[in-house]
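K.L.:
These protein sequence lines are chains A and B, in that order. Position one of the first sequence corresponds to residue 1 (our numbering), numbered consecutively onward. Position one of the second sequence corresponds to residue 1 (our numbering), numbered consecutively onward.
Calculated directly from the structure, the hints in this document are not laboratory data. Computed from a predicted structure; not experimentally measured. Careful, some of the hints might be misleading.
One copy or two, either will do: identical chains are not told apart, so a pair holds if it fits within one copy or between any two.
Unchecked claim - Straight-line C-alpha distance at most 20 angstroms; calculated EDC-like pairs for lysine to aspartate or glutamate:
no.: 1; residue 1: Lys142; residue 2: Asp81
no.: 2; residue 1: Lys142; residue 2: Asp39
no.: 3; residue 1: Lys142; residue 2: Asp85
no.: 4; residue 1: Lys142; residue 2: Glu109
no.: 5; residue 1: Lys142; residue 2: Asp94
no.: 6; residue 1: Lys142; residue 2: Asp91
no.: 7; residue 1: Lys142; residue 2: Asp35
no.: 8; residue 1: Lys142; residue 2: Glu42
2 protein chains.
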Amino acid sequence: MPEILHKVGCRSTTTAAVSDALTTVEGLSGWWTNDTTGDAAEGGALQFRFPAGGFDMEVVEVEPGRHVRWRVTDGPEEWVDTTIDWDLRQDGDDATVLFAHRGWREPVEFMHHCSTKWGVYLLSLKSLLEDGRGAPSPDDVKIDSWD
Amino acid sequence: MPEILHKVGCRSTTTAAVSDALTTVEGLSGWWTNDTTGDAAEGGALQFRFPAGGFDMEVVEVEPGRHVRWRVTDGPEEWVDTTIDWDLRQDGDDATVLFAHRGWREPVEFMHHCSTKWGVYLLSLKSLLEDGRGAPSPDDVKIDSWD
Chain A
1 MPEILHKVGC
11 RSTTTAAVSD
21 ALTTVEGLSG
31 WWTNDTTGDA
41 AEGGALQFRF
51 PAGGFDMEVV
61 EVEPGRHVRW
71 RVTDGPEEWV
81 DTTIDWDLRQ
91 DGDDATVLFA
101 HRGWREPVEF
111 MHHCSTKWGV
121 YLLSLKSLLE
131 DGRGAPSPDD
141 VKIDSWD
Chain B
1 MPEILHKVGC
11 RSTTTAAVSD
21 ALTTVEGLSG
31 WWTNDTTGDA
41 AEGGALQFRF
51 PAGGFDMEVV
61 EVEPGRHVRW
71 RVTDGPEEWV
81 DTTIDWDLRQ
91 DGDDATVLFA
101 HRGWREPVEF
111 MHHCSTKWGV
121 YLLSLKSLLE
131 DGRGAPSPDD
141 VKIDSWD
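Given only the sequences and the hints, what does the whole structure look like? Please build it.
P.N.:
Right, dumping it as structure tokens:
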């Protein structure tokens with residue numbers, strides 16, 4: 001099945017700060033969308049909203065500092081039941097983030113868009129961790145007429 | 001086979017400028033790497049060099065304003081014989097660029113890195129077209145310890 005893959009390295013001596021940015025509403029609001037609500041702990045449900053729509057996620061798994069998995073429960077039909085994995089690892093002075101959005105049924109044009117946009121948001125996460133300031137929606141980098 | 005997909009829209013009333021940025025050494029030097037040499041026309045061979053290495057490409061197909069295909073002839077082993085397709089289309093005031101890097105054998109960590117990095121370079125291409133200035137290597141956005 002088609003999947004979207006990405007990687008960033010964040011200057012940080014531990015993966016704990018990355019973990020916090022993925023497992024708290026405050027952290028998620030700092031790099032993905034400022035309209036984030038819900039419970040980011042394992043077993044919780046998260047609501048991410050953007051000007052054009054949004055996604056509901058189930059927090060399937062949280063291993064602090066190592067791994068987070070979400071499953072999409074509502075949103076665009078192409079996203080429903082897809083999963084998003086965040087694998088964290090320390091490499092010297094870098095906290096490495098390996099990202100995978102799996103379970104796309106077809107490599108549709110919306111997947112092209114989402115792939116580029118995920119890259120933009122991972123760089124926003126990197127900026128949040130390194131400089132204390134991300135670029136979450138609605139102040140995110142726009143890539144095309146879809147946003 | 002795993003593939004890297006991306007999309008950007010560039011404010012432009014025709015796809016001709018995008019085509020120029022993909023089919024001339026000057027254009028390619030303006031958004032991917034300033035160390036670009038060779039012949040970017042159909043049937044030509046291109047050499048792209050970066051501080052850490054580089055890629056040689058065969059220009060398999062050029063349909064001006066519509067499509068460009070490259071095949072990797074030398075470089076990192078994961079890249080050899082992969083293909084890179086650029087599909088261009090006009091959508092109102094936007095020249096839409098659909099990108100696909102196909103033929104990866106495995107979704108290795110290097111593919112995660114290259115996916116994010118391609119996103120960075122497509123945004124560089126968009127900046128070149130819209131603002132007259134891209135961010136090609138060695139002045140590209142760094143994403144991790146690999147570059």
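K.L.:
All hints, please: hold or fail.
P.N.:
Checked hints:
Proximity of Lys142 and Asp81 under a CA criterion of 20 angstroms is satisfied in neither setting, with 26 angstroms inside one chain copy and 32 angstroms between copies. Taking identical chains as interchangeable, the C-alpha atoms of Lys142 and Asp39 are never at most 20 angstroms apart, the minima being 28 angstroms within one chain and 33 angstroms between chains. Neither within a single protomer nor between protomers do Lys142 and Asp85 lie at most 20 angstroms apart by alpha-carbon distance, with minima of 24 angstroms and 22 angstroms respectively. Taking the closest pair of Cα atoms, Lys142 and Glu109 come within 20 angstroms of each other only inside a single copy of the chain (16 angstroms); across copies the shortest separation is 27 angstroms, beyond that limit.
In this assembly of identical chains, Lys142 and Asp94 lie within 20 angstroms of each other by CA distance solely across copies; the values are 13 angstroms between and 27 angstroms within a copy. In this assembly of identical chains, the alpha carbons of Lys142 and Asp91 lie at most 20 angstroms apart only when taken from different copies (16 angstroms versus 31 angstroms within one copy). When the C-alpha separation of Lys142 and Asp35 is checked against a cutoff of 20 angstroms, the pair qualifies only within one copy, where the shortest distance is 17 angstroms, while the shortest distance between copies is 28 angstroms. In this assembly of identical chains, the alpha carbons of Lys142 and Glu42 never lie at most 20 angstroms apart, being 31 angstroms within a copy and 32 angstroms across copies at closest.
Figure legend: structure checked against the earlier numbered hints; hints not met, in rising order: 1, 2, 3, 8.
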